[in-house]
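Using the sequences plus the hints, can you model the full thing?
Chains as they are written, first to last, in my numbering: chain P, -6 to 314; chain W, -14 to 417.
The set of hints was computed from the structure by calculation and includes no laboratory data. Among the hints, erroneous ones may be present.
Derived DSS-like pairs (lysine-lysine); straight-line CA-CA distance at most 27 Å [stated by the list, open to error]:
1) P:120 - P:67
2) W:305 - W:388
3) P:38 - P:67
4) W:388 - P:120
5) W:394 - P:120
6) P:150 - P:254
7) W:394 - W:305
8) P:67 - P:37
9) W:305 - P:120
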Amino acid sequence: MALLEPHAFPHRHLLTIEGLSPDDITMLLDLSESYVAQNRQLDKKQSVLRGRTQFNLFFESSTRTRTSFEIAGKRLGADTINMSAEGSAIKKGETLIDTAMTLNAMQPDVLVVRHPESGAVALLAQKVDCAVINAGDGSHAHPTQALLDALTIRRRKGRLAGLVVAICGDILHSRVARSNIELLTIMGARVRVVAPPTLLPSAIERLGVEVHHDMRRGLEDCDIVMMLRLQTERMQGAFVPSIREYYHFYGLDYVKLAVAKDDALIMHPGPMNRGVEIDTDVADDIHRSVIREQVEMGVAVRMACLHVLAGTRRNEPTGRL
Amino acid sequence: MNEPARAYVNARLLDPASGLDTPGALLVDGGRIADCGPRLFAAGVPEGIEVVDCGGCCLAPGLVDMRAFLGEPGAEHKETIATGSGAAAAGGFTTVVALPNTAPVVDAVPLVELVRARARDSAIVNVLPAAALTKGFGGTEMTEMGLLAEAGAVIFTEGTRSVANAQVMRRVMAYASTFDLLVDHLPQEPTLADGVLNEGEVAARLGLAGSPACAETIMLGRDLTLVELTGCRYHASHLSTAAGVALIREAKARGLPVSCSASPHHLTLTEDAVGQYRTFAKVVPPLRTEADRLALIAGLADGTIDVIASGHSPENQESKRLPFAQAAPGISGLETALALSLGLYHCGATTLLRVLATLTSAPAARLGLEAGTLRRRAPADLIVFDLDRDWLIEPEAFHSKSKNSPFEKMTVRGRVLRTVVAGRHVYRGPAA
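And the structure:
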């Protein structure tokens, strides 16, 4: 795969889905598609990022996202370095800005950053010269998750426009939900959110979604059921009364799924709480569930994102906007 | 007082206390207003009196701020009484009430004395101490309000916090009424106001926890019930919601001894100012919706909102260059308050005298000060300002130590040319 022209992806960073055009998204999904095929070969290695340095900077613990980015970088030939908050200067009181400037001095080509605070990755991106990929900031955004979900859907359904997608569960605290709402509405899908009012941000309808509190109404005739993880901490603070009650009304089982389209796909960003938001048989249903496929698409999508941001012909891959 | 007698001539005299708005002149002698009126010096200024030609600009009472954080003691890296008073003078304020949310909290007589001593030694405007309602802002033990008042505390407040415990607040109010003290409260129910911006569309988009409007109305409703019970003189600071304005309007109609203020930023900005995590637009209470902002303006015009208070809250870069939820709230507001407030007159929302009343006579009357008026024998605390002068807000040029302003690069109308405290010229603005 060749180096891309700088104008192929007219953005310096990938911080949110907001601001991307349908063409930007389509271009990323098309490029990801080619990496899906490559990742299924015996020789998975490319050299498009040879000589480039990728830092994976995780201020919040993560297994799958960090691993996925690391594999993606390595398969493109980049030198990948993982840094986590544990044992780092952050724990010693260094500010985010100082950390950013320190790392920047080491001349990375791309920073992949996850942070527990909404907006923190954008703040860090203002202080570095290289490309930054948001790997999840607080409850705000997780753009590569939305892209991998879109890729998974597009491969199965052949399109995104016109599909009815129900996003169910803890919307309030979910960066996955926010990024998916943005991406799917940009691409012309119809998005519903399904949750009790305690797990929905007020004014969520202003984001262009249909709001449902009842799973049966929310899932009716939908093409995609996207489940979200419910953190068990949510029992504190009176978001929901108990796991039992939550599962009874909002857990995805075959009874609730029956009102969706016969070929509706089941998705989950992981890690799953079986028996909390999703029935174990539904999660493992090989005809309906694409949860494992999402993980596979994740690597391909992250390769595409790294490629467009760090693998261009720009002399300064990071040049100013 | 070695200041010579001075005649301010060729002025547009504006005195909201008396409704005066006329071309005329004003004479200052011995640090007080000796005379003032349209016919004064009609036959020329006598020998021996220094003449200040106002060039047709407005001459008004110096502004009175009920609410500013001046950094001392404990936050001298953000502001000092000296720098804060410099900012006040540049903004046209001749009297500033210093909030007690310092470190330590101003909750005891020696701390009131400290603030007064620092003010006497280093301030170029009048700085008056406010004291806490409860010891250490702990919300449980009442401060020595009577002694604090004798020592010079002019108002009692928990700063930007609320007293959560209704029984404590009831007793504080009942006790304060014994001495007819003024209790100030920033009404936000703390269990609801745990967000970092307004609960609404912007919070939903940014994935940040919001504080709902009902945090204000629930606490304000409680307070007004307690005012009715205790007869306490009560002032609600920094109203931010339409429903809050309606509650005060209704309480005043019932004859309760209440007043309230709004800030220049709540009158001019909405939650949209937060944009993409702009921490300079993070304040307590949070900036709300356009409907709320318009209700505040309507409340100001009809007299429901008595006072505009700057809410000056200087913050340094280290406190603001953080992820939004971690950043300190606050706006460095003394130097922009007048021009932003005059914007309400310039846009036709209310009259010039009404705007000035909220910044002069109304806060002075509520605090029991003889300032805020052009009355004869009142202190010669004055400002000369050019009502129609446009200027660009450049925080780097602020006299305040802190430059945290969401109004950076905004062009506003109305500029202070001269600030006078007890007859002394403490600030001279840019020449025409």
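Problem - Straight-line alpha-carbon gap residue 388 (chain W) to residue 120 (chain P), limit 27 Å - result: holds (20 Å)
Practice task
For the pair supplied as a hint, residue 150 (chain P) and residue 254 (chain P), confirm whether the alpha-carbon distance does not exceed 27 Å.
Solution key: holds (13 Å)
Practice task
Please work out if residue 38 (chain P) and residue 67 (chain P) have their alpha carbons no farther apart than 27 Å.
Solution key: holds (8 Å)
Handout entry: Agreement of residue 305 (chain W) and residue 120 (chain P) with the hint, judged by alpha carbon distance not exceeding 27 Å
Key = holds (15 Å)
Problem - Satisfaction of hint between residue 120 (chain P) and residue 394 (chain W), Cα-Cα up to 27 Å - result: holds (22 Å)
Problem - 27 Å Cα cutoff - pair residue 305 (chain W), residue 388 (chain W) - result: holds (10 Å)
Exercise for the section: Would you check the hint for residue 394 (chain W) and residue 305 (chain W), treating anything up to 27 Å between C-alpha atoms as holding? Expected result: holds (18 Å)
Handout entry: Hint consistency between residue 67 (chain P) and residue 37 (chain P) [alpha-carbon to alpha-carbon, up to 27 Å]
Key = holds (10 Å)
Handout entry: Hint consistency between residue 120 (chain P) and residue 67 (chain P) [alpha-carbon to alpha-carbon, up to 27 Å]
Key = holds (26 Å)
Going down the numbered hints, you'll see the structure goes against none, and every one checks out.
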